[in-house]
Structures are given as C-alpha cells and as structure tokens.
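Protein chains: 8
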Amino acid sequence: QRTGYPEVIYGSGKSAKQIVGIVKAMKDSQKSILATRVEQSKADEVLKELPFLKYDAVSQTLTLKDKERVEVGNIAIVTAGTSDIKVAEEAAVTAEIFGNQVTRIYDVGVAGIHRLFAKLDVIRQANVVIVIAGMEGALTSVVGGLVDHPVIAVPTSIGYGSNLGGMTPLLTMLNSCSSGISVVNIDNGFGAAYNASMINRLISEEHI
Amino acid sequence: QRTGYPEVIYGSGKSAKQIVGIVKAMKDSQKSILATRVEQSKADEVLKELPFLKYDAVSQTLTLKDKERVEVGNIAIVTAGTSDIKVAEEAAVTAEIFGNQVTRIYDVGVAGIHRLFAKLDVIRQANVVIVIAGMEGALTSVVGGLVDHPVIAVPTSIGYGSNLGGMTPLLTMLNSCSSGISVVNIDNGFGAAYNASMINRLISEEHI
Amino acid sequence: QRTGYPEVIYGSGKSAKQIVGIVKAMKDSQKSILATRVEQSKADEVLKELPFLKYDAVSQTLTLKDKERVEVGNIAIVTAGTSDIKVAEEAAVTAEIFGNQVTRIYDVGVAGIHRLFAKLDVIRQANVVIVIAGMEGALTSVVGGLVDHPVIAVPTSIGYGSNLGGMTPLLTMLNSCSSGISVVNIDNGFGAAYNASMINRLISEEHI
Amino acid sequence: QRTGYPEVIYGSGKSAKQIVGIVKAMKDSQKSILATRVEQSKADEVLKELPFLKYDAVSQTLTLKDKERVEVGNIAIVTAGTSDIKVAEEAAVTAEIFGNQVTRIYDVGVAGIHRLFAKLDVIRQANVVIVIAGMEGALTSVVGGLVDHPVIAVPTSIGYGSNLGGMTPLLTMLNSCSSGISVVNIDNGFGAAYNASMINRLISEEHI
Amino acid sequence: QRTGYPEVIYGSGKSAKQIVGIVKAMKDSQKSILATRVEQSKADEVLKELPFLKYDAVSQTLTLKDKERVEVGNIAIVTAGTSDIKVAEEAAVTAEIFGNQVTRIYDVGVAGIHRLFAKLDVIRQANVVIVIAGMEGALTSVVGGLVDHPVIAVPTSIGYGSNLGGMTPLLTMLNSCSSGISVVNIDNGFGAAYNASMINRLISEEHI
Amino acid sequence: QRTGYPEVIYGSGKSAKQIVGIVKAMKDSQKSILATRVEQSKADEVLKELPFLKYDAVSQTLTLKDKERVEVGNIAIVTAGTSDIKVAEEAAVTAEIFGNQVTRIYDVGVAGIHRLFAKLDVIRQANVVIVIAGMEGALTSVVGGLVDHPVIAVPTSIGYGSNLGGMTPLLTMLNSCSSGISVVNIDNGFGAAYNASMINRLISEEHI
Amino acid sequence: QRTGYPEVIYGSGKSAKQIVGIVKAMKDSQKSILATRVEQSKADEVLKELPFLKYDAVSQTLTLKDKERVEVGNIAIVTAGTSDIKVAEEAAVTAEIFGNQVTRIYDVGVAGIHRLFAKLDVIRQANVVIVIAGMEGALTSVVGGLVDHPVIAVPTSIGYGSNLGGMTPLLTMLNSCSSGISVVNIDNGFGAAYNASMINRLISEEHI
Amino acid sequence: QRTGYPEVIYGSGKSAKQIVGIVKAMKDSQKSILATRVEQSKADEVLKELPFLKYDAVSQTLTLKDKERVEVGNIAIVTAGTSDIKVAEEAAVTAEIFGNQVTRIYDVGVAGIHRLFAKLDVIRQANVVIVIAGMEGALTSVVGGLVDHPVIAVPTSIGYGSNLGGMTPLLTMLNSCSSGISVVNIDNGFGAAYNASMINRLISEEHI
Ligand SMILES: Nc1ncnc2c1ncn2[C@@H]1O[C@H](COP(=O)(O)O)[C@@H](O)[C@H]1O
Ligand SMILES: Nc1ncnc2c1ncn2[C@@H]1O[C@H](COP(=O)(O)O)[C@@H](O)[C@H]1O
Ligand SMILES: Nc1ncnc2c1ncn2[C@@H]1O[C@H](COP(=O)(O)O)[C@@H](O)[C@H]1O
Ligand SMILES: Nc1ncnc2c1ncn2[C@@H]1O[C@H](COP(=O)(O)O)[C@@H](O)[C@H]1O
Ligand SMILES: [Mg+2]
Ligand SMILES: [Mg+2]
Ligand SMILES: [Mg+2]
Ligand SMILES: [Mg+2]
Ligand SMILES: [Mg+2]
Ligand SMILES: [Mg+2]
Ligand SMILES: [Mg+2]
Ligand SMILES: [Mg+2]
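Residue numbers (our numbering), protein chains in the order written: chain A, 1 to 208; chain B, 209 to 416; chain C, 417 to 624; chain D, 625 to 832; chain E, 833 to 1040; chain F, 1041 to 1248; chain G, 1249 to 1456; chain H, 1457 to 1664.
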C-alpha cells in the first residue's frame, strides 16, 4: 500500500475462500476494500462471511467504502453503447473507491453524434476523460478531438466477426488521429480508472 | 465491355509496352481509356507512343476522356487527411471517366470535427459518399452516422506501427457502429468509385 | 428515425425486459419494428408481453410489419450453402421490413456452378445482389463477374480450421478480382440489407 | 537422386559460383538440370561458365533438358491473371524437365468466367490440373467444381492491402468448398509441378 | 454425381431430420452412402429411421457400403499420435467407401522415429500416403523425404498454446523442405482421402 | 490552436515545400513551431527557406522555440536501450516545445537492472514518466511497479524476428501486471509527450 | 525409455481406461510413473483401479514415486502470480519425479519487485531457474538479468484481451533483452522441467 | 561482466564509431571481445581503427580471442540447410569466444534424413545440441527425439510465402512433440550459444 491507494483484489481465478482470506488480512490496514471481476455466485459466498461488503452485479465488484475519504477531482466516463456499461462501471466503482468524483455519460456512440454533443460541456469539465467503446471504437477519436484534457481509452470486447474480441477497437484507439489519447487493455476498466485517479491525485497534491 | 463501362487497365506489374499494346487494342471499341497504378517513369514511356493520353501524377492514372459522355449523378469523395489524397484521386478520376460528377472534400478528419460539419450540406447532396481514411479510419463512422445515403469506405495504408499497413482502418470500417457502410480493399480507390458509379447508373437508368 | 428507416433493435446482449421496453417506447412513432439477434428463449419472453410481434427462429428476428408500406425495388439474396441461410434470412427480413422486394436464391455455391447459372437471369433482374458465403467465399467473385449491378458481400463464420471464424471469406471478398463488390462484417446480414435498401430507395426517390 | 527425379537446385540465396559448382558436380550423374529462382544477373554469370544451360527470364530457371526423355501424361497449368504467369512458368518448366506434357491456359480468372469455360475441354483432358491465382484465388474453387481430376492449387503473392502477401488466396484455397483440391506454399510453382509429376509417373508406371 | 463418386453429406450443422431426408433422396441413385461429422446423438436419431446405415463413433461417419465395388489401389494413412486417429478414420472410411484399399499406420510420430522406420516398407507400397499430424506436424517432412509417391498432409487441431488450433502444423506442412507434399485444411480427413482416391482412380482408369 | 498548444506538423509524407508553406502560415499565430518526422535531406531544403528553424537529426524534428514560455512541471523520459533514443528525443523535443522540463534517463533496460535503481530517485521526482522500450518492453512493468505517478509507455520497433515490428513490446505494455500504465502507438514519442504535457498543464492550471 | 527417464503419460484426450492400461503396461519396467493433464474426475476413475497412484489436483498429475531415487541438483521454480501456480506445480512434480530438488518461489511478479529481491539468494543457488509468468511475462527478463544460470521460461495463458491466450508473454520471453533465456510452449510446465532436469543430469553425470 | 562472460556488443543500429568506442572501453577489463551483427562495410571502418580484431563475413562478427582460455565442453551446431549457416556461424563464433568446443554438422535437413543419421554419433557426444532451421523447422523434432541432451532450437528467417519471416519454424519448434527442446528468437544464433555455454560452464564448474 506504498502508493497511498488501497490494495485491490483481482477476483478472477480466486476462490471465494481466498477472497475472504485476503479481505480479512487487509481490513486492519485499509479503510477501503475493492475486489474486481467477482461473479454473482462467488460474491454470494463471500458476503455470507463478510456481510459489510457491498456487491454490485453490473461492475462485478465487492467494495467497502471509506466514508471519510473526501472526493476530489472529476473523471468523466463516456461509453459508446449500453453493452460497454459493465466495463464503465468497473472503472466508475474503482475511481470512486479511490476518492474521485465520477460523471457518467453513457451510450453516446458516433452513430448518433448529436447525443455526444449534447453532453460535451459536462465532459469538458472533467480533469480526465475515460472513453469506453467496443465495435470499432471510433468514439475515442471524436472525443479526443473535442476535449483538451487527457483521454484514457478502453477498448471493449463487444462486437463480433472481424472485431476479434476487442482487437479492432484496441488498434483503432492506438492509431487515433487525435492527440492526447492513451490506451489500456481490452475491457480493463480498472486500469483506466487507476490511471485517471493518479492524474487527479497529482493535481490535488500540488494544490497543497 | 459487356457492362457498359470502359474496360480498365490495372497498370501495376505491366510494362509500358504492354500498356501501350492494350490501349491500342481498346481504342477502336472504347471512347474512354483508364489505366490505374502507373508510376511517372512508366507513364512517360507510354506517352511517347500515345501522346493523346493524359497522365495525372497524384492519382497515377493515364486517361482518355470521352468528351460526349454526359455527367450524371454526384459522388462525394471525403478524406481524413492530406496523405489520403492519392487514393482519393484514383477514385475521383475513375468516377469521372465513368461519367459521374465528383465533389472533393479533403482533409476533414475527426481530430478537428468542425471541418467536417462545415462541409456536411455538400456531402449530404451526393447520391453516394466515398470515405477515404488511414490511421484509425474513424471518419467513416462519423460520416455514416450523419448521412442517409450509401457510404463506401476505403481504408488507406497511411499510418505506422500497429496500423499494420492499413489493416487497422480496414477493421475499423468493417466494424462500424453506423449503418449504411460497406468496405473495399486497402487503397482501392478504383473499386470504391466503380461501386459508386454503378449505384449512380442504376438511379439514372431508372429515370428513363 | 431521421433516416426514414425504422430504428432497429440489436438484441444481442439485451435482456427480454430491455427489448420489451424499447419496443413499447418505439411503438408510438414507428409503424414497423425490427429486432435482430434474438434467440428463441428470449423471444418467448418478449412475446408474452408483446404478442403482436412475429418471431422467426431462422433469422432470429422479432418483427412488426407496416402493412401499408409499398414494396419497391428488388434485392437478390444469394447464398453458397444451406448453413449460410440464417445470415441470409437476417438480410431478407431486414430488407422486407424496410420495404424492398426480396428474391431468395439459396445453395448455389461454386462447387456445383451449374446451379448458379440456372438462376442467373433471376439474379440479374435485381437492382442489388447480396452474396452470402462462408468457407472460402469464392461465390462472390463469380457473381460479381456475371452481374452489372452492385454486389454487397457478407462473409459468414461457416467453416473450420484455417477458416478462422469467417476471416478467410472476408479476406477473399475484399480481394476479389471482380469489380463492383463491397463488403460488410462477418455474419452481418442486417448491414448488407441496410445498404441494399438505401440503394433501392435512392432509385425510387429519384423517380418522383 | 533416389527418386528417379533430377535433383533440383534452389537458386535463391546461392551465389553464381555455388550454382556453377553444383551443376558441375551433378552433370555426370544427371541428364537433366534444373535450377529455380535464379535472377537475370546471376544467370548471366552462370552462363559464362556453363553456356550449354538455357536461361528463361520469366520462370527464372536455368535448365538442361534430357532430349531422350519421353513426355508422358499431361498437366494443365491454369492461371487467373497475367501477373501469375511467372509462377506458372516455374511450374511449367519444372513439369517439362520431369518429362510431362504441359498445357498452358493463362488469364482465365473468374472476373470473366466465359474465358474459363471456353477452355474447359482442354483442361478436362489433363490428368492433373495446377491452378495458380493471386488476389482472392477464387478460380481454384471454380475449376475444382468443374473437373474430376486432382487439382493442385498455388496461391501467388499478387495483390495488395489485405491480400497479405498471398495469405488470402492461400486461405481461400485451403477452405475451398470444392473437393479434390490440395495446396502448396505461396508462389511455389516448383512444388505443384513436382506433385503433379509424381501423379503422372504413378499412372505411367502402372501401365507397364 | 457427375464425378462417379458417391455424393457425400457433410453432417455438421444439419439436423438428423435433414440427413434422413437427403439419404432417402440419394438411395435410389447411389449404391454407397457417406455422411461425415455426425455426432453420436444425431446418429442415433438417424439410425432409428434408417437402420441399414452403419455408424462409426471414432470417425463420426454414417455409411452404406456398396458390396460390389472392387477395391483398387492402396492408400497409406499415417498418424503422428493417437489423438489424430479420429481425423485418420474420417480419411480411412472415406477412402474405403470410394473403393480404395487402406493401410493404417498410426502413432509413428517423430519423437520416436524408429517406429516410423519399422513401417517404412509398408508405407512405400502405397500409391499415395496421407500424413496426419497435430502439434508441430514434423512427421510430414520426414515421410515426404522417405517416400517417392505423392504425400497429402492433414494438419490436426491437436495441441495447445501456440499451436493456434492447428495453424502451426498447417504452416509446417506448407513450408516443408521435402518435395512431393500438398496440404488440405485442418482436420480435413475427408478432403485428403478424396484427393488420394482421385489419384488412385486415375491409375486404375489408365489401366483399362 | 484551440487547445493552447502549438499546432504540430507531421512531416512524414509531406514535401519540403509543403512544410515551408505550413510553417509560414503558422508563424503569425504561433510563437513555437514543431515539425516531426523530417529526415535530414528534407530538413536541409526547409532550412534554406526558413533558416530560423533548428533541426535535430536524432529526433528528426524542426523547431522554433518560444523563449518566453516558462518551463513548468517535470517529465522523466526513460529508455531501455540506446536504439530507443531517437523515439525518446521525439518525445523530449515535443515536451520541451510544449513548456515542460524534461529529465532524460537513457539505456536502463532490465538486463542490468542496477542501472535503473541508480536512477530511481530522479525518476520518482517527475510528475509523469514516459517509458520507451523495444525488444520485449519489460522495462515498463518494472518502472510501473516502482513509481506512484502515471507512466506512459511507448513501444519501439527495435528488435527482430518475433518482435514483429514493435507489436511484441506493444502487447507487453498493454498487458502489464503493474497498475498505472497507459500506452501509445509504436514509435509514437510525440504522442506520449503530448499526453504527459496535458497532465502537467492540468497540475499547473489548478494551482492558479 | 532409452533416455533413462520414466516414460510420461500425456493425459489430455486419453480416457481413464486408456491411462489405466498404459500404467499397467509400464509398471513392470519403470519404478516411477507420471501422468500429466489429468482432471479430477478422470483421476478418480483411475485411482479406483490403481490406488497406489497419488493424485495432485493443482498440478493435475498422477504419480508413483521411486523412493530410492536420490535427489540431485536444484531447480528453482519462480512464478509471477498465484494463477500461474498450476503450471508451476506441473513443472515441480515433473522435476521431482525425475529426481531433482525443487525450490518453489511463487508470486514474485515485477509489480512488487521487492518480493523478488527478497528471494534472490535462494534463486541464485539453483542450477537452473524456471520462470513461469502470464499477463506480460516481464518477470523473465528481470530474473534473466539477475542470475548467471540458464533460465527456462514458461508463458502461461493467464490474462485477458490482448494477452491472446498467452501469445503475449510467449513473445515477450522470446524477445527478452536479457541473455540466457530459452522458451517452451504456453502452459508447458512439463517441458520446462524436462529440460531443466536434463541439465541437472548432465552436471551430475559428469561428476562421476 | 558480473557473469564471468565477456560483455557482447550488439552491432545492429550502432555506428562504426560507436563500436570502436565501446571496444576501446572494454579492452582494459576484458580479454575477449565479441561484436555481432556487423556488416562488411561497418567492419571495414572499425578494422581501420582496431586492426587487432578479426572480422568474419559469414557470421558478421568482430572478435578478439583470449588465447589462454581453455576450451571445455562440447556444443554440436546442426543446420537443416546451407542458407542457415550464417545464423549457425553466429552461434559457433559466440560459443568459441565463450570457451566452448564446437562441432559443426551442417545441411542435414529431414528431406534427406540419411545425412542426419550419418552424423548421429557425433551429435550425441555433445553436451548440448543447437538445431538451426528455417522453412518448416522439422529437423528440431527429429534431433530432439534422437538425443538425450538438451536441444536449443533456433528458427531462421529462411523461406518464403507462408513462412512469415521465420514465424513458421518458430511455432514448429515451440510445439515439438519431442521433449527436451527449448527455443530462442528467430535468427538468434548468439542467444542459443549463450544458453548452451551456460550449461557447459555449469558442468565444468561442478567438476572442480
Ligand atoms: N487500382 C485498381 N485496383 C484494383 N483493381 C483495379 C485497379 N485498376 C483496375 N482494376 C481492375 O483490374 C481489371 C484489369 O486487370 P488486368 O486485366 O490485369 O489489367 C479491371 O477491369 C479492373 O476491374
Ligand atoms: N522454387 C522452389 N521452391 C521450393 N523448393 C524448391 C524450389 N526449387 C527447388 N526446390 C527444392 O529445394 C531442393 C534443393 O534445395 P538446396 O539443397 O537448398 O538447393 C530441391 O531438391 C527441391 O526440393
Ligand atoms: N510523430 C508524430 N506521430 C503521430 N502524430 C503526430 C506526430 N507529429 C505530429 N503528429 C500529429 O499530427 C497532426 C498534424 O497532422 P497533419 O495535419 O497531417 O500535419 C498534429 O496535430 C499532431 O496531432
Ligand atoms: N546477435 C545478437 N542477438 C541478440 N542479442 C545480442 C546479440 N549480440 C549481442 N546481444 C546482446 O546484446 C547485449 C548488448 O546490447 P547493446 O548494449 O545494445 O550492445 C549483449 O550483452 C547481448 O546480451
Ligand atoms: Mg484532445
Ligand atoms: Mg448513414
Ligand atoms: Mg460485376
Ligand atoms: Mg473437382
Ligand atoms: Mg517424397
Ligand atoms: Mg506505478
Ligand atoms: Mg542471466
Ligand atoms: Mg531428446
């Protein structure tokens, strides 16, 4: 926990029992708890032992929130479609646990670009923008061209055929003609929020 | 020439001598001539023998235009960047030889989306829109979402690294979240124009 | 619905409840309804709530057809094999909902090319031809060489081994030696029909 | 030379001097000589030392033909385009050196399928058919559906963009919906002829 | 049935009912029946209706054998491992239905090359050798170097990790340093046998 | 120039004449000029016309620096090898033109990890760390684990064989087990610096 | 058993019955038995027949250990994460059956590099180091730079998205900037241990 | 030089001047010098300054050999073809500089397997065997099955078409059905020799 961040549990491939064990060990030193990639059935088992945790089925997270943590900064989380929301919520829950304000702007893909423009002012107010998109991921380039703050792009595995499990939006985002975009792994909502949170913390630290 | 279109010479891999031969053979039956993918030095050789042809170094085409052909319909050719113009001009010259009106809207990539919006009315007046983009090819999805006519997308090999010689914009275009887009091979300006021209001809034929 | 087309519901990844909600919201403004990629069990749930919809198990579509819509134009839908029929029917149902006449020519793959020739006159009468093929997708090039109207090619994921989930026929279609072919994503019957329908509408619009 | 075939020199990556050395060593035991992949300049050097060899610039071969060898059997070599001819000639020269009759049917690609049908009788008379095609390689499936004898397919690296240096026709050929097709490496005219020749020899051997 | 071969039913993706229908339709004109890729449960259903068919669970084939057909020629079917046997038996059953003698030489992979050498005489007596291998497919090159007759190679999807579902042995076989090898699709035992059978038939035809 | 940043010229594919034209047009509105990807010979031509520009052959940049711009913030640029320096210098020059302090820590790849540890204090003082690595790109994960500030990773095309032109370090960086890393395209030093600069500006803006 | 090693049974794709048969056949000539890739249910069946075997559910191995075999040499098995342990245990059990001492150092990935350094002395004492890592596999390069003995790297399929089923750490390991690393297939713990054991045996043989 | 090995200069991408500088700096602390990947023209420049170095054009190495170093152990270097020799010589020169005896067995590919068997006794006497092969790389599996000592496999970029620049033999080697094989990067003769040398040193160290 050297970094001032709560240590995060990556639930995928861990048993309920293992997660319970890690949470118990953490609880003394950490006020917040975050476990990602925990499916419903596994979460049910964990909650029997640790009823103080909160499970969110969309983001597949188990959390304990440090109520005293002051929310600083602002992160906009923007998705292209509704299927991307589960990745977006992994990002949102992560960002909130790490003490950031989150603004959700969902389902504003470029097929109907007026929906994006309607939300542009809100998006521009954020310090950092996380853009989450599957299919061809073109939303990233449009947002990147419209905002002056850092954009962190998350490709999702939503799509079929030549989408190749998310490789297509990943490549799209890496080759964007807009400047100011950096990219994390397919479906990695957590990673994007971690990066965004680091930027927010840099800003608030410097304030002091 | 069963299709009513001039037979087109694909110059790549053919010698100047071979091209001269084919043009001479065609001249009796065709009022228009089009040869694509002819580089400058090869064109120079051909022009010595066939000075009535016109060479255009940007589109790398040799042409003879049938002056009597009436221009019908309208095709908008839209590019993301300036480096895509050589592919765009292959499309433009092809469309013109086949008797279409062409409107060129170049360098309106999504990094500065206001440039695209400034040209939207013009684009919407065309029967068919050809969108030509390299890098990540996101322009296609934006245009596809804004126009109600068929969009034919041409990925270009402009880019570097994970662009993979144009495979990235190709995949982007195939996976577009906008409806109404179909795709041709990387750098295939000729193919896009051929398709667009077929659509235009269907429209005018039906008029009669 | 700016485009004059009914808004279409992409059922994949949506719950029956979500689909019901969207249909109810649409019903006031749209005379036709189309939902694609709805499997049997999900459809059953939707039909309980909305018994006026029609479910088709082959195309996996839920539809409500505007009886007053006049069918204009003609689209030929051609498949190589019988396994491609589910993609073909997604295309056919889409085209019909959008007000097009559809001619189905199924199972005329190039392994027995006489079957294709037997249907050539019918295919040539259509304004647009949709060619749907898995395996190696060679049918596209043959049809493209035989008809003078636009061909929209749909690769399917039918095949095994080095077929790579449809990437092989996709690449085949993009590299076709016949002119006049454009391509949509693997298994995207809907997309092909949407494009074909746009072309048909252009033709009939101009008539007026 | 256990196989009864002349040992063949693969010229790529060998110096003129090395080729001269190998030919000299072979000359005592072999009546025929074949070296493939020898470019003009290298050939010129070799010919200075070994003027009895014949160089063919299209197939890039150096040969010495055993005049007494009786030509048996018949191999049809069919190409889609004119750019495939250099691979076809590598096959043809190889087949001839190995004592086969060769029938060349070039430039009969599926974009103009009537040219193929015009030659069908000739193709059907061969024991084995070698089909050589770049771009999307669809010719293979059409020929495979029309002839009852073994078809050996050679993809070529002719094409651009998503052709991927011949990987597209290679995949097409491997996934053909026609039976009776087997495939060799991209541009491997030699390999196809070697296989075809083995089949021809089996036939004539059995006669005795 | 123009080719003199029984028409073959590709069972994958067909229902039991569809298979029954096709067999009934065929029975009048064909003395032999072959359906491949039929899993146990589907076969059970078919057999209820058509008890005269024989099901083989290893090769996943349903067959009716023409007892009067004379077996001519000889095809050796060689596998690297025991997991490749299901593909080998698809080849073997196909070859037998088409009237060929089959010699099975299984589990002679190069990790213990003495097992291959022990069977070399038998392999060399066949007109055609089908080599079936997964993992890295090296057996093909070794056999190709040791026999003078045509080798048809079948890569299998046996393996894991960087085997990539059989793409590794496929590439191995296409790039073999031994001459006389041609390749069919991954797991395509049927296709290899069809090719081998064509060669055998050519030999016996010529005899007459 | 809406973003407060100087507009940057991407020199690749532009002629010297075109670059001169753009610079002249910019000069009135921008105090700083930056052109990237300008090779020596092209730069020489530009400098003849615009002698006030400075050319740097390592980073392949042409610059005009706004002397009054105050340098704020600090960006550490870390490379694995010496061959990565040209990409690093594209990043460094970009960051400096945009008004950032830059600390260069070159050639500290993980093969000799003590060299990295010797520089750790310096690296940790930066607001943002740009890690630039080719080969396998492992340096990124190590740095990411050791610093608490955002890391922007740039894969380079340095390597051979299965490096695949930089795809290997790109994939490495996207899959890093360390948190806090985001990635830009292969060799895109400019992009990394642009992102880092945006973060720095956010920090200093907020101060006011 | 020419190699002095117990013959090993690769359980994947073999039935319980087949495994029982092989073990029975081996038991006379081999004091040790090792079967890998045996899942729980299959193992249960085998154990009913052969209760003297020991099943280990983590490594998925069935073993019979030759108690008299003297353990020589020392192999360090190092993993990046806890999810890699199942591959590590396949390696560990293999190495032990072959008579090697094994030191397990698990969960020392580069995200927290101090954990690795804490174990460095132990790792350096081994003759051979097996490094097992998924995600991006960077641990291999770090260990390779810190030890002077051979490192055998095993990529694992742990990861998601652009990890591509282990292809990413495989490529990372092959391109390592540290010398002294060689690589085996994804998840191939057995193969790494076999290699390491061979090296250990060479050392002890030479002693005599 | 912590490892007891001479530090090696990787010449690719370094100027003659840089190489001269590094050699001069090394000369005081190292008795042996090795620079790899130095092409002829660069070597000529270096030799003008440092005439005591020896250049070998086949392996593209510059060396200074420590005459007092005792040669211990034995490494067999086996190649499939003659084109692989340049990679083999990079391995051989590296192994010799590091104090190993080297036995060269070149051009024993599996197309003519008797050549390999003729050399088997010599190969089996080595402690470690380096197998170097391009095309399909099958030689590795054959050697791996025949020797009981560690085999280090080096794929080469020799081949064409679907060889994919050496990716095919790389995949072949990683998926070998023979045990005891580990793999290094394409064309990495240096890396194989480094590993082999480490094993040899372990053996001789233990002797003392
Ligand atoms: N730039 C181009 N890209 C792709 N196809 C082309 C191009 N130019 C011409 N073609 C096609 O190539 C055919 C002529 O090919 P060829 O017989 O080789 O000259 C024409 O009928 C066109 O269909
Ligand atoms: N064009 C070619 N493509 C592939 N293999 C060839 C070709 N020409 C010759 N070969 C093969 O290469 C072998 C000779 O290889 P080498 O010993 O390197 O000269 C011959 O026996 C043939 O099997
Ligand atoms: N080295 C570079 N790599 C990627 N993008 C760049 C580079 N240099 C400049 N750019 C971007 O390219 C834009 C200019 O592109 P263009 O209009 O083609 O000159 C700039 O605004 C930057 O966003
Ligand atoms: N041919 C080669 N292939 C791969 N790595 C090499 C080669 N030659 C030298 N090396 C490695 O590169 C390191 C030196 O890299 P550098 O500092 O860039 O000169 C050496 O210590 C070796 O580990
Ligand atoms: Mg921006
Ligand atoms: Mg649209
Ligand atoms: Mg056509
Ligand atoms: Mg046939
Ligand atoms: Mg052979
Ligand atoms: Mg960090
Ligand atoms: Mg080391
Ligand atoms: Mg061995």
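There may be inaccurate statements among the hints.
[As the list claims (entries may be wrong)] Keeping only pairs whose Cα atoms sit at most 27 Å apart, straight-line, the calculated BS3-like set for lysine-lysine is:
no., chain 1, residue 1, chain 2, residue 2
1, H, 1470, D, 641
2, A, 17, G, 1262
3, H, 1510, F, 1159
[As the list claims (entries may be wrong)] Just the calculated beta-carbon pair ranges, DEER-fashion:
no., chain 1, residue 1, chain 2, residue 2, range
4, H, 1660, E, 872, 14 to 24 Å
5, G, 1258, E, 880, 31 to 41 Å
6, G, 1261, E, 957, 55 to 65 Å
7, E, 957, D, 772, 24 to 34 Å
The set of hints was computed from the structure by calculation and includes no laboratory data.
Glycine included, each C-beta is placed from N, C-alpha and C at the ideal position.
Do the hints match the structure? See the list:
no., hint, result
1, H/1470 / D/641, "violated (32 Å)"
2, A/17 / G/1262, "violated (32 Å)"
3, H/1510 / F/1159, "violated (37 Å)"
4, H/1660 / E/872: 14 to 24 Å, "violated (59 Å)"
5, G/1258 / E/880: 31 to 41 Å, "holds (38 Å)"
6, G/1261 / E/957: 55 to 65 Å, "violated (31 Å)"
7, E/957 / D/772: 24 to 34 Å, "holds (26 Å)"
The structure shown violates the earlier hints numbered 1, 2, 3, 4 and 6.
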